[in-house]
Amino acid sequence: VSGIRTNAAAELLGVSPNTLRSWERRFSYPKPRRTAGGHRQYDLAELEALRRALQETHNISSAIQVARQRGEGPSSAARLAEAFDRFDEQSADRIMEESLAVRSVERSVEELLLPALEMAEGREGREAEFELACRWGTGWMHAARRVVPPSTRNVGVLLFDSSSRLGTESLHVQALELALRRAGFRVLLLSVSLAQERVSRAMRALDPAALVLCGNGSTLDDVGRLVYAVRQMGSTAPLFEYRGSMPVTGNHAIPSLGSTPTEATENLKALADAPGRRQAGTLTALAAAP
Amino acid sequence: MSDLAHIAERRGRRAQAPRSVLFCSSCGDFLDRAGRRRVCPECGMGVLLSAAPEALPARRAAFAVVDGDLRVTAVSAAGERLFESDALGRSLASLVSARGRDAELARQVARAASGVSGTTRLRVRIAGRRGVFEARVSPCGPPRAALVALERRAN
Chain A
104 VSGIRTNAAA
114 ELLGVSPNTL
124 RSWERRFSYP
134 KPRRTAGGHR
144 QYDLAELEAL
154 RRALQETHNI
164 SSAIQVARQR
174 GEGPSSAARL
184 AEAFDRFDEQ
194 SADRIMEESL
204 AVRSVERSVE
214 ELLLPALEMA
224 EGREGREAEF
234 ELACRWGTGW
244 MHAARRVVPP
254 STRNVGVLLF
264 DSSSRLGTES
274 LHVQALELAL
284 RRAGFRVLLL
294 SVSLAQERVS
304 RAMRALDPAA
314 LVLCGNGSTL
324 DDVGRLVYAV
334 RQMGSTAPLF
344 EYRGSMPVTG
354 NHAIPSLGST
364 PTEATENLKA
374 LADAPGRRQA
384 GTLTALAAAP
Chain B
4 MSDLAHIAER
14 RGRRAQAPRS
24 VLFCSSCGDF
34 LDRAGRRRVC
44 PECGMGVLLS
54 AAPEALPARR
64 AAFAVVDGDL
74 RVTAVSAAGE
84 RLFESDALGR
94 SLASLVSARG
104 RDAELARQVA
114 RAASGVSGTT
124 RLRVRIAGRR
134 GVFEARVSPC
144 GPPRAALVAL
154 ERRAN
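Going down the list, the protein sequences come from chains A and B.
Quick note: the first sequence uses my numbering, first residue 104, plus one each step.
Quick note: the second sequence uses my numbering, first residue 4, plus one each step.
These aren't lab readings, by the way, just hints derived from the structure by calculation.
Treat the hints with caution; some may be incorrect.
Residues from chain B shown here face chain A by an in silico Cβ test under 7 angstroms; the list is partial [claimed, not checked]:
#1 S23
#2 R39
#3 R40
#4 R41
#5 G47
#6 L73
Keep in mind the model is a prediction, meaning the values are calculated, not measured.
Virtual Cβ for every residue (Gly too), placed ideally from N, Cα, C.
With the rest of the complex left out, here is chain A:
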């Protein structure tokens, strides 16, 4: 760990060494280590967190509180899951904000949010914490979606969500929708159980180049109805599945886009951008994939 002496630390914060020592006595922060010779060695990360916090607050004790919280370590899925367990939405907001300072939205979702939800899921007696996590995650992704710029690709993707309730899989679907929108696709997310005539209207409006079956609640009947409705419209848009959403085990004819939003988005981008792979606005290929 990098450490710096008192004078340099004071200089970095724009205070006198005496002020720095008085903070240590009063707030126990920043807390220096001692060298063998008894000299103070301040942690650079702590000082930097405090310097930033001083710019964002109106008094020293608040700045130290903010810096302490930030000093808990880098934002991680475990920290986010802990925030959900404390029903502490402010901490969850802050952890994601911190993550966005060093990661893209996609990576923050895939490396923090979705793993934190998986950690929070399926624990006996912790259903309330998990529900909060799902609702908070939904809100966060909606907020992220609102600031996505308009689509830049003239390629529509229709997502069919088969999730029956709010849970990790439905959040994965929302994450895919967000990633596709951020990649410039025109995206529509609908329930797989929608009646045929409503799907037809959506098909006409979006003119999708690809259909993606998502979620973990579909039945073969759903898939059959979906394919029938789409082909009735004369659409040749290929159907893909996401995260093993096909309700069959073993081999089947529906190609997979992968199991993460980034993987699925990259696959669709590759198909959309590959020369000769677009025919009449429809993504072909992958169909031959196993």
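Given the coordinates of chain A, work out where chain B should sit on it, guided by the hints.
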């Protein structure tokens, strides 16, 4: 008006424009300039904020810094003596009332916290204190907030 006269008049106007004062959020002392400093060199317990000169009645005045949610984010040493309990983090409404004009006080504080310039004066009472006080509400920062300076007034 000639161009030169026009420029001279504009310069004069700029020179008369109200400047801001730099003060410590804890001791309330005034400073001439901050330089690269963020922390008060006098007390080491407050950060340096700026506001319009008329925002504070005197150096080391009693004041609270309030954010857009009307939460107290800093209190000067004189302000701490005025409020009967720890004001930091509390709602301004739980500490100060404006004698039937609480909504107006909240509106002025929210306006100032959003950076709308100008100083508003209202008569207020402080929880647990006798007598009437004058509250001056002005924008301050950074970060942007409302400065509510309190001064005792005769009834």
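Hints versus structure:
| no. | hint | verdict |
| --- | --- | --- |
| 1 | S23 | violated, 16 angstroms |
| 2 | R39 | holds, 5 angstroms |
| 3 | R40 | holds, 5 angstroms |
| 4 | R41 | holds, 5 angstroms |
| 5 | G47 | holds, 3 angstroms |
| 6 | L73 | violated, 14 angstroms |
In the structure shown, a violation is registered for the earlier hints numbered 1 and 6, in ascending order.
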